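Asker: Following the hints, complete the assembly by docking chain Y onto the known chain P.
Quick note, the sequences are listed as chains P and Y, same order. No gaps in the numbering here: position 151 of the first sequence is 150 in the working numbering, and each next residue is one more. No gaps in the numbering here: position 191 of the second sequence is 190 in the working numbering, and each next residue is one more.
Just so you know, the hints here were simulated from the structure itself, not pulled from any lab data. Predicted model, so just to flag it, every value in this text is computed and none were measured. Hints may contain errors.
Since the list gives no way to pick one copy over another, a pair counts as held whenever it fits inside one copy or between any two copies.
What the hints assert, rightly or not - Lysine to any residue pairs mimicking SDA-like chemistry, simulated, CA-CA at most 20 Å apart:
| hint | residue 1 | residue 2 |
| --- | --- | --- |
| 1 | K119 | D141 |
| 2 | K61 | F110 |
| 3 | K18 | S52 |
| 4 | K119 | R137 |
| 5 | K119 | R173 |
Number of protein chains: 2
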Amino acid sequence: MSEAQGHGRGADGSAKPSKRDALIEAAFELFTAHGFEQTTVDDIVRLAGVGRSSFFRHFPSKEDVVFPDHEGCLAEMTIFLQEGSGTEDPVIRVCDAARLVMRMYAGNPSFAVQRYRLTKSVPGLRHHELSVVWRYERTLADYLRRRFAHRPDGTLRADVIAASVVAAHNNALRTWLRSAGQEDPSAHMDHALRFVQNSWGPEGEARSADEEDTDDVVVLITKRKAPMWRVVRGIEATLDDR
Amino acid sequence: MSEAQGHGRGADGSAKPSKRDALIEAAFELFTAHGFEQTTVDDIVRLAGVGRSSFFRHFPSKEDVVFPDHEGCLAEMTIFLQEGSGTEDPVIRVCDAARLVMRMYAGNPSFAVQRYRLTKSVPGLRHHELSVVWRYERTLADYLRRRFAHRPDGTLRADVIAASVVAAHNNALRTWLRSAGQEDPSAHMDHALRFVQNSWGPEGEARSADEEDTDDVVVLITKRKAPMWRVVRGIEATLDDR
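Extracted from the complex, chain P is given alone in its bound form (with noise of 0.2 Å):
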């Protein structure tokens, strides 16, 4: 899903800007101007030429028109989650699903870093973003409880990890939105969900074949009564002394 080229999606798939792209252009020239709060919804259609019936068709309040394209981009992580195999580690499927509202974000960097600006001086408008957080993980959270029904503390685990992969996915998307767009996402993104999977485990981890090469042996002699952090921590102090 390429925003680059605008916030369209005309059902006749032209280039043209569709009422929708003219509501989100004059909108955001008149929040920049003059202020969110201070801009009504008439002001909005008349610089974009269109009748006020027009605007309401496609945002439901001068709040969404911020956020044109998460709808769109909630169906979307909807689809790719429900389309898995069921097979996928579940794990990397929530952090590839975050992936996509980073790669919205990524189209159209101009748009997503004055939305970022735009948003932080605005409560009201950021009391709006929080919904739309709370949807994304509530998805992310509603996937990993089917998948993990068979487990004990399923539910725990599915809300714990779906708040985890928003918190890092967030993370990453501050980063790049304050480096004005200007840094590559992906590593951010890359480095941020990795950090996740790690804690958690995910499966299916591909391993490159001079991995394979410098692969070796550790021992590890612990009480069997440490706690699992500890255990971890003398691991990990191990593999990082090589």
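Answerer: Okay, now just chain Y, sitting in the frame of chain P:
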């Protein structure tokens, strides 16, 4: 902070219901009878027998009267996190901070359950609640960012752990609320937070004397390049086999 006797924190410390308590009580009576959207601030002040300006002295908005104790709880959490000596295990510290929120709910079960049902049915309240939850999460994350400032990925680690703790807390809280406040809230909370602590490695885990008695040794042999989750799974399998 016991809430069992009401929500008031009158300057005189008296048990007599304050104007604030009267407003909360009137608001919930009206919300339950007529619905949240259908009730106005004027309706609330009329039933409570106080002036309109009293309402706005205590609550910025109609939404805030539904969550009357969160400001106090946030302040308590902030102080608790500041008061540490700086040597506590940071993960255990944020888990204990999260317990303050549960304690607030558990102090007044019937009010907590009533609010849970109301919030579930009114989208505006759900959004308001998300912004409250977000402030708790930011408070925990800010503390962890300070504690992890010297670590690589300190900010990422802080954000992910704070989100994990909040998700685990909310999972336990919802389980308790769905039991209509009948079950033991701390048992649910201990279980959920232990799940997070086991993932992130709490320091200072207490070990009882009889655990010491059964102490013995595990030898694990693993390939050096094996991913950490596979090593952990191997250890878990070994430890379970007793």
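Asker: Checking each numbered hint in turn, tell me which of them this model violates, lowest number first.
Answerer: Hint check: nothing fails, all pass.
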